[in-house]
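A.B. asks: The residues making up each chain are set out below.
2 protein chains.
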Amino acid sequence: MNKQLIFKKRPVGMPKSDTWSLETHPIPEPKEGEVVVQQHYISLDPAMRGWMNDAKSYIPPIQIGEVMRAGSVGKVVKTNNHPKFNEGDFVSGWGGVQQYAVTDGENWYKVDERIAPLPMYIGTLGMPGMTAYFGILQEGKIKAGDIVLVSGAAGAVGSLVGQIAKIKGCTVIGIAGGADKCKYIVDELGFDGAIDYKSENIATALKRECPKGIDVYFDNVGGEILDAALTKLRMNARVIICGAISQYNNRENVKGPKNYLSLLVNRASMKGMIVFDYANDYGKAAQEMGTWIASGKLKSKEDIYEGIENFPETFERLFTGAKLGKLVLKVIED
Amino acid sequence: MNKQLIFKKRPVGMPKSDTWSLETHPIPEPKEGEVVVQQHYISLDPAMRGWMNDAKSYIPPIQIGEVMRAGSVGKVVKTNNHPKFNEGDFVSGWGGVQQYAVTDGENWYKVDERIAPLPMYIGTLGMPGMTAYFGILQEGKIKAGDIVLVSGAAGAVGSLVGQIAKIKGCTVIGIAGGADKCKYIVDELGFDGAIDYKSENIATALKRECPKGIDVYFDNVGGEILDAALTKLRMNARVIICGAISQYNNRENVKGPKNYLSLLVNRASMKGMIVFDYANDYGKAAQEMGTWIASGKLKSKEDIYEGIENFPETFERLFTGAKLGKLVLKVIED
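Top line first, the protein sequences correspond to chains A and B.
Numbered according to the numbering used here, the first sequence spans residues 24 to 357.
Numbered according to the numbering used here, the second sequence spans residues 24 to 357.
The shape of chain A in the complex, shown without the other chains (with noise of 0.2 Å):
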């Protein structure tokens, strides 16, 4: 039996007990050319949030009665001649919220549990790494010595873009929400400076740590951290727009940026990215990850929680900040 979790009604604010049902059902039988993936862990990413909504966007929101829609991992248990897939092989893709994924492998692909654990699939070496990694080098185009900001910096997306910049040689600060959160991207992560949004005056904190200002913000959460850093941009400064947790569950409506003529002064851009048009470089993207990882220089954390029956709840931590790195969800049952 397969148990999934089926979109139920759009949400207004923070999704609630109504969002979603838990429901099981048989596992169908695959067609010709299909294979059975058993999901082993299930990706949760902020973005799910938009896709929520019934808006014109990058890709068509997910439809009332569907399966809700997230990246997976987990291993092929059952074929009827898939051209490329075998029983035993491990696959990511997007699988969705249940423990049972039949599909025609279209955009899944292979990846080896020996060379790293399969949760970094769906994170680091996954989508919000490829986000990560192309958004600070090629949106960012960082350079040595650059002073770079980044928001959301415990999270996914931002603990690795802070990560890859310090690589490159850039001064980084970030703003987490938390002393622990703080604490670790210093401590553990290796950024020069650090914001606790929730217990600081941003622009007070902005100029202790970025008193000569930033040549790059990278934006995950919007609202009035982005509206303080646009105040610290540099000449030619880049503003990378990737996401603005902090307005995805607006009753109203987003809060514009009222500092944005601060990319006139400065002779700024802010520029929005989607992770998907890199898709022919991922391959190569990876490969730089993993030899990071290897060397010790990028360091992967993984914050999974388990139970499908749990998603709800695991959910709402992408918004209270209630985690820590990337968000997983293991849906296998032992």
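It is worth saying that the hints were derived from the structure and are not from the lab.
Remember, it's a predicted structure, so these values are computed and weren't measured experimentally.
Among the hints, a few may not be true.
Since copy identity is lost for identical chains, a pair holds within one copy or between any two.
Unchecked claim - Straight-line C-alpha distance at most 30 Å; calculated BS3-like pairs for lysine-lysine:
#1 Lys166 / Lys191
#2 Lys166 / Lys79
#3 Lys235 / Lys307
#4 Lys322 / Lys278
#5 Lys133 / Lys278
#6 Lys221 / Lys281
#7 Lys164 / Lys26
#8 Lys324 / Lys79
#9 Lys79 / Lys221
#10 Lys32 / Lys79
#11 Lys278 / Lys79
#12 Lys322 / Lys235
#13 Lys31 / Lys281
#14 Lys281 / Lys79
#15 Lys307 / Lys133
#16 Lys281 / Lys230
#17 Lys32 / Lys281
#18 Lys353 / Lys307
Could you slot chain B onto chain A? The hints should help.
C.D. replies: The following block gives chain B in isolation, referenced to the frame of chain A:
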């Protein structure tokens, strides 16, 4: 004697009667290496409002007690061994709102009234022209077939932006205030469409005029028009932030663009520009603009008012929109 407009008090909101005072002083003798310029025309630009605020910006604010800063064009009437300028030369520079400027000539350059009428040197061949030229070509990176939207479309910069985009084979829609201006940009300047922000709902009008979206939005106004334009971005669109005239006299915060996440969805960029960065290439640009004017491809329109004592009410026209094309004040007395 030299009538000078002195900056007396920083305005909050729109400048008022106590912002400036008109004073008459003797013309000082030029020191060694200086010239006296009898000013003919003063340039009035929205950016001047920003220079009046006591805020860090791309140039220092005007100080209380100084002559009001302004671009100008006039004739050298006296020289004290100036190395480059002779009596009778026509020159353009930062002469300020006064009838005579005494200067060492730094940042001034010769102009030729036989090639173009003097007011054009502070318009199409001056700062607004350079802003339009480098803004739409270098920052906008337009190519034939692009759909270009420009606000302030009947103004000094916007009218040139649209015409240059037409010369380069783009489809051009302009946003202007009032039926006359809309008719002007379509019938006289050759724009493909116009939106009257004073009588139309911008969102509805954008659907009509830009059904396929926009590749480039050249923003002179900010506020709600910027927000509406953001909803129409195509993939990899470029938003050029040249100004935000709707926000310059705000007594409250600048209105931030709440639809900025369209940048993310559409991998679009928003970039600020300051024309001074292109100073090394002004000459080349003016030459090309001149060729376009001579061949009838580009129309240069100046709206000329008279009398230095009328500066305050003329300045107000920038913000009420009661002018067409480049706003100029003639300060030489017959």
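A.B. asks: A separate judgement is required for each hint: does it hold in the structure or not?
C.D. replies: Evaluated hints:
With identical chains, the CA atoms of Lys166 and Lys191 are at most 30 Å apart within one copy only, with a shortest distance of 7 Å there and 35 Å across copies. Taking identical chains as interchangeable, the C-alpha atoms of Lys166 and Lys79 lie at most 30 Å apart only when they sit on different chains, with a minimum of 27 Å there against 35 Å within one chain. Within a single copy, Lys235 and Lys307 get their C-alpha atoms no closer than 34 Å, and across copies no closer than 36 Å, so neither meets the 30 Å cut-off. In this assembly of identical chains, the alpha carbons of Lys322 and Lys278 never lie at most 30 Å apart, being 33 Å within a copy and 40 Å across copies at closest.
Taking identical chains as interchangeable, the C-alpha atoms of Lys133 and Lys278 are never at most 30 Å apart, the minima being 41 Å within one chain and 48 Å between chains. Proximity of Lys221 to Lys281 under the C-alpha cut-off of 30 Å is found in both arrangements, the shortest distances being 21 Å within a copy and 24 Å between copies. Taking the shortest Cα distances, Lys164 and Lys26 never come within 30 Å of each other, neither inside one copy (44 Å) nor across copies (51 Å). Within a single copy, Lys324 and Lys79 get their C-alpha atoms no closer than 33 Å, and across copies no closer than 41 Å, so neither meets the 30 Å cut-off.
With identical chains, the CA atoms of Lys79 and Lys221 are at most 30 Å apart between copies only, with a shortest distance of 29 Å across copies and 33 Å within one. Taking the shortest Cα distances, Lys32 and Lys79 sit within 30 Å of each other inside one copy (18 Å), while across copies they are farther apart (49 Å). In this assembly of identical chains, the alpha carbons of Lys278 and Lys79 lie at most 30 Å apart whether taken from the same copy (19 Å) or from different copies (24 Å). When the C-alpha separation of Lys322 and Lys235 is checked against a cutoff of 30 Å, the pair qualifies only within one copy, where the shortest distance is 28 Å, while the shortest distance between copies is 45 Å.
Taking the shortest Cα distances, Lys31 and Lys281 sit within 30 Å of each other only across copies (29 Å), while inside one copy they are farther apart (36 Å). Proximity of Lys281 and Lys79 under a CA criterion of 30 Å is satisfied in both settings, with 25 Å inside one chain copy and 16 Å between copies. Within a single copy, Lys307 and Lys133 get their C-alpha atoms as close as 15 Å, which meets the 30 Å cut-off; across copies the closest is 56 Å, which misses it. When the C-alpha separation of Lys281 and Lys230 is checked against a cutoff of 30 Å, the pair qualifies both within a copy, at 19 Å, and between copies, at 26 Å.
Within a single copy, Lys32 and Lys281 get their C-alpha atoms only as close as 33 Å, which misses the 30 Å cut-off; across copies the closest is 26 Å, which meets it. In the homo-oligomer, the alpha carbons of Lys353 and Lys307 lie at most 30 Å apart inside one protomer (28 Å), although the nearest pairing across protomers, at 63 Å, exceeds that limit.
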